[in-house]
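**Q** Sequence:
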Amino acid sequence: MPFGLANAPATFQHYIHQALQGLVDTICVVYLDDILVFSKTREDHTIHLKQILDRMKAAELYAKPSKCSFYQDRVEFLGFILTTEGVEMDPERIRTIVEWPEPTTYREIQVFLGFCNFYRRFIYGYSKVTAPLTALLKGSQKGRKPGSVRLDDRERQAFRALIAEFGKAPVLRHFDPERHIRVETDALEYAMAGILSQPDNEGRYHPVAFWSRKFNGPELNYGTPDQEMMAIVESFKHWRHYLEGSLKQVEVLSDH
Numbered sequence: 001m002p003f004g005l006a007n008a009p010a011t012f013q014h015y016i017h018q019a020l021q022g023l024v025d026t027i028c029v030v031y032l033d034d035i036l037v038f039s040k041t042r043e044d045h046t047i048h049l050k051q052i053l054d055r056m057k058a059a060e061l062y063a064k065p066s067k068c069s070f071y072q073d074r075v076e077f078l079g080f081i082l083t084t085e086g087v088e089m090d091p092e093r094i095r096t097i098v099e100w101p102e103p104t105t106y107r108e109i110q111v112f113l114g115f116c117n118f119y120r121r122f123i124y125g126y127s128k129v130t131a132p133l134t135a136l137l138k139g140s141q142k143g144r145k146p147g148s149v150r151l152d153d154r155e156r157q158a159f160r161a162l163i164a165e166f167g168k169a170p171v172l173r174h175f176d177p178e179r180h181i182r183v184e185t186d187a188l189e190y191a192m193a194g195i196l197s198q199p200d201n202e203g204r205y206h207p208v209a210f211w212s213r214k215f216n217g218p219e220l221n222y223g224t225p226d227q228e229m230m231a232i233v234e235s236f237k238h239w240r241h242y243l244e245g246s247l248k249q250v251e252v253l254s255d256h
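To convert, note that position 69 of the sequence shown is 69 in full-length UniProt numbering; the numbers rise steadily by one, no gaps.
Certain hints may be false.
Listed next, with one range per pair, are the computed distances between beta-carbon atoms [claimed, not checked]:
{"id": "1", "residue 1": "69", "residue 2": "171", "range": "13 to 23 Å"}
{"id": "2", "residue 1": "177", "residue 2": "77", "range": "17 to 27 Å"}
{"id": "3", "residue 1": "220", "residue 2": "107", "range": "24 to 34 Å"}
{"id": "4", "residue 1": "43", "residue 2": "164", "range": "40 to 50 Å"}
Just so you know, these hints were derived from the structure itself, not from any lab.
Built from N, CA and C at the ideal position, the CB exists for glycine as well.
Take these sequences, add in the hints, and give me the full structure.
**A** Spelled out as structure tokens, the structure:
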């Protein structure tokens, strides 16, 4: 396929999905020319690899051996490190965030937050932590503020706090529909947050994902009980694909 055509990525994505129809999201995940094949056992993996390669051959798609890795228990894929234990951030991306210089323009704040937002599910209360920085962008997006900016103490503290959170971000466990599910929620002043977690074989709970968003408009005036209940409802909406029709009991922990 020629490079440079505007619709080339979408066309190729559609083509490879057609070639691997019935296998995508069952034994593999595909993003353009990156194919991740997942299996529970080495024997299953051999079968799955053969299925993928047979389909590719039939569609006249070819893989370069030097760019292939087989039978891996640790894989870098789309900015994440996938292991048998769970999902973690790419260490190089973490280093980039930790070493990020303090922004001096509104554009630099946008770039920083855009980069961090990709990994927000690793950070508890992300929306609360970033609120002082996102508040700065409201006027700039409407063209009412100049390009340069000087962070005050509160904004600088938020910038440093976010960097610190990324420095200690946990490994997120793979969701297991066969395990008990716990949803912990909280209303954090001007934001709501939730943690989805599951126990290991020893009964110790580990995070599967974090979620948060700011209260908007009239939601800021809700009483604490209403905000706490809203955090529960919105968390269930966000993780509906995990919680709806769950085979196991869903436990909810809240302050109220």
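**Q** All hints, please: hold or fail.
**A** These are the hints, each one checked on the structure:
One distance hint, 13 to 23 Å for the beta-carbon pair residue 69 and residue 171, holds here, with the actual separation near 21 Å. The beta-carbon spacing between residue 177 and residue 77, approximately 22 Å, falls within the hinted interval of 17 to 27 Å. Taking 24 to 34 Å as the suggested C-beta distance range, the pair residue 220 and residue 107 conforms, at roughly 28 Å. For the pair residue 43 and residue 164, the supplied restraint of 40 to 50 Å holds, since their beta-carbon distance comes to about 44 Å.
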